[in-house]
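Colleague: Each chain, written out:
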Amino acid sequence: MATAFRADGAVGAHRVSFIPVHREGKDTPEAVRLAVSVPMSLDDLTAAAWILVDGGYPFDALSGPDFPELVLETVFAEGGFRIDEVREELATVSPASMQGQVLALLRQRVRELLDAVCAPRQPQRELVAVGA
Amino acid sequence: MAVTMTSGTVAGHACRFAVALRDGNPTPVVTQMSMTVPLSLEDIEAVLWFVSPGLDDADWADEEYLHGLVAGTVLAENFTAIEAARLQMAAVTPGSDEYEFAQWLRRRVRQLYPPEPVRPRERELAGVGARSGEVV
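Line order of the protein sequences matches chains H and E. In terms of numbering that gives the first Met the number 0, the first sequence has 34 at position 35, counting the first letter as 1, and numbering is strictly consecutive. In terms of numbering that gives the first Met the number 0, the second sequence has 23 at position 24, counting the first letter as 1, and numbering is strictly consecutive.
Isolated chain E (complex conformation) (with noise of 0.2 angstroms):
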């Protein structure tokens, strides 16, 4: 049976990916359900945490295939789940190689999505860039 790709934007990349309901579904398609979600960074480190034992290096390194597996993960998995690999990626102990995953995996996150950078107009306005007068 024939595996139902869909396309997707995170964070602006867009990306296609396998449809976990559309898997070797048979039922006709009679509509399209759309959605535009609000995520965190805690809440990407959690879907890729989760993912993670099926992963190797070349998967870590593409960053297109990254953000398909986040959009295909959060539309498969329940809310449950991914709480739990939350929680989990919480509690690792310091210094075990769970930890020195969990940080590298945070690094890669914002890595992939970097934050905003401020816009000079914006600086102004807050009075940063008229007080140092740094070239931005």
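Chain H with its partners taken away, still in its complex shape (with noise of 0.2 angstroms):
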């Protein structure tokens, strides 16, 4: 039976809506909502896409609006103990073999795609001149 639970998440400032893995397929009802808060690190994003690569999903797909759904929703499903074993790996890939390079752009386009959802300097600014 398909299920009509979504759930609600950030990454930065944007907001977006993805399928927790667990409720797949259930029926049960909804009892209680879980709402955390997580520090994430450029590399612990970068794992996660790695993951989301690694299985299949192609790189070039890995952009644009879609990419904080994807991270969320592999960061939930995966479960931080998978993230953090993965962070770890990348981090013996010697950056001049194969999987280095595919890496070092994965990489780049995380930080990319990171600079485009996280929350805009604009407003800092702004205080900036207020306070001046």
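Keep in mind the hints are simulated off the structure, nothing from the lab. Among the hints, erroneous ones may be present.
So the derived label-pair ranges between C-beta atoms look like this [claimed, not checked]: (1) H:SER62 - E:TRP59: 45 to 55 angstroms; (2) E:ARG15 - H:ASP59: 38 to 48 angstroms; (3) H:LEU41 - E:ASP96: 46 to 56 angstroms; (4) E:PHE100 - H:ARG14: 36 to 46 angstroms; (5) E:ALA89 - H:THR91: 51 to 61 angstroms; (6) H:GLU23 - E:GLN31: 22 to 32 angstroms; (7) E:SER95 - H:GLU84: 12 to 22 angstroms; (8) H:ILE18 - E:SER6: 20 to 30 angstroms; (9) H:LEU104 - E:THR79: 44 to 54 angstroms; (10) E:GLN102 - H:ASP53: 36 to 46 angstroms.
Under the rule of at most 20 angstroms between Cα atoms (straight-line distance), these lysine to any residue pairs were calculated in the SDA-like manner [what the hints assert, rightly or not]: (11) H:LYS25 - E:ALA84; (12) H:LYS25 - H:ARG5; (13) H:LYS25 - H:ALA76; (14) H:LYS25 - E:ASP55; (15) H:LYS25 - E:LEU40; (16) H:LYS25 - E:ASN77; (17) H:LYS25 - E:GLU97.
Residues on chain E that point at chain H, a partial pick, calculated with CB under 8 angstroms [unchecked claim]: (18) THR8; (19) ALA10; (20) ARG21; (21) VAL29; (22) MET32; (23) VAL36; (24) PRO37; (25) ASP42; (26) SER51; (27) ALA75; (28) GLU76; (29) ASN77; (30) PHE78; (31) ILE81; (32) GLN102; (33) GLN110.
For clarity, every value in this text was computed on a predicted model and none was experimentally measured. For glycine and all other residues, C-beta sits at the position ideal for the given N, C-alpha and C.
Hints are included, so try docking the two chains, each in its own frame, into the full complex.
Modeller: In structure tokens form, the structure reads like this:
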């Protein structure tokens, strides 16, 4: 049975809704809501993106407005221990290897996407101007 | 290496818990990821069943700790592990010690997360209050 449950989330200031993997195909009713906030590094996000690409998600499709949703869904589905494990594995990859080159491209892509979805710096400049 | 704690709520109960992916993780934090996820009572039972081997009586009595444990475990573990716990819990043999514990765990989860009481206004609309005339 398909379920209409979706979860709400945000990466930085960018809000998304995503399908929480544990609710797929379940018909047990929602009883409570769990709300959490998790600090993420660029390497944590890259590890999540690596899991996606490693699992067959096309690198070129990893872009634009879907990115935060994909990463949230992946972090939730895989769990923090797995993300941490992959991050540690990636830290040992030789930059000269084929894998290392893909990783560098992926890391660059994640950084660009993160810059695009995270809180704009504009308001901070305004605050500084007001204070001055 | 310091363990990063984060805060969250489970059914509106505030809790703090250690973030698995920041445990011994030296890479600098650049953003916050937040999520609000629906859970069924079965989901919570499976999570607590999964971690139950490591819990003692004092842990089971500490509601704030249990809220944090639910949040931290949902974030740390992958879905497959929790799903396996759910199936294992559903398959215990009636009459066994495990079965007794599963039943106890289900009652504990319902104490922790009781169903929302039906408010009088809704009872009236549903015709319940009108028929019995009982005082809520």
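Colleague: Please go over all the hints and tell whether each is borne out by the structure.
Modeller: Status of each hint after checking the structure:
no. : hint                                   : verdict
1   : H:SER62 - E:TRP59: 45 to 55 angstroms  : 47 angstroms, holds
2   : E:ARG15 - H:ASP59: 38 to 48 angstroms  : 40 angstroms, holds
3   : H:LEU41 - E:ASP96: 46 to 56 angstroms  : 48 angstroms, holds
4   : E:PHE100 - H:ARG14: 36 to 46 angstroms : 41 angstroms, holds
5   : E:ALA89 - H:THR91: 51 to 61 angstroms  : 40 angstroms, violated
6   : H:GLU23 - E:GLN31: 22 to 32 angstroms  : 26 angstroms, holds
7   : E:SER95 - H:GLU84: 12 to 22 angstroms  : 35 angstroms, violated
8   : H:ILE18 - E:SER6: 20 to 30 angstroms   : 25 angstroms, holds
9   : H:LEU104 - E:THR79: 44 to 54 angstroms : 29 angstroms, violated
10  : E:GLN102 - H:ASP53: 36 to 46 angstroms : 42 angstroms, holds
11  : H:LYS25 - E:ALA84                      : 15 angstroms, holds
12  : H:LYS25 - H:ARG5                       : 12 angstroms, holds
13  : H:LYS25 - H:ALA76                      : 15 angstroms, holds
14  : H:LYS25 - E:ASP55                      : 31 angstroms, violated
15  : H:LYS25 - E:LEU40                      : 12 angstroms, holds
16  : H:LYS25 - E:ASN77                      : 17 angstroms, holds
17  : H:LYS25 - E:GLU97                      : 25 angstroms, violated
18  : THR8                                   : 5 angstroms, holds
19  : ALA10                                  : 4 angstroms, holds
20  : ARG21                                  : 6 angstroms, holds
21  : VAL29                                  : 5 angstroms, holds
22  : MET32                                  : 5 angstroms, holds
23  : VAL36                                  : 4 angstroms, holds
24  : PRO37                                  : 4 angstroms, holds
25  : ASP42                                  : 6 angstroms, holds
26  : SER51                                  : 18 angstroms, violated
27  : ALA75                                  : 4 angstroms, holds
28  : GLU76                                  : 5 angstroms, holds
29  : ASN77                                  : 4 angstroms, holds
30  : PHE78                                  : 5 angstroms, holds
31  : ILE81                                  : 7 angstroms, holds
32  : GLN102                                 : 17 angstroms, violated
33  : GLN110                                 : 13 angstroms, violated
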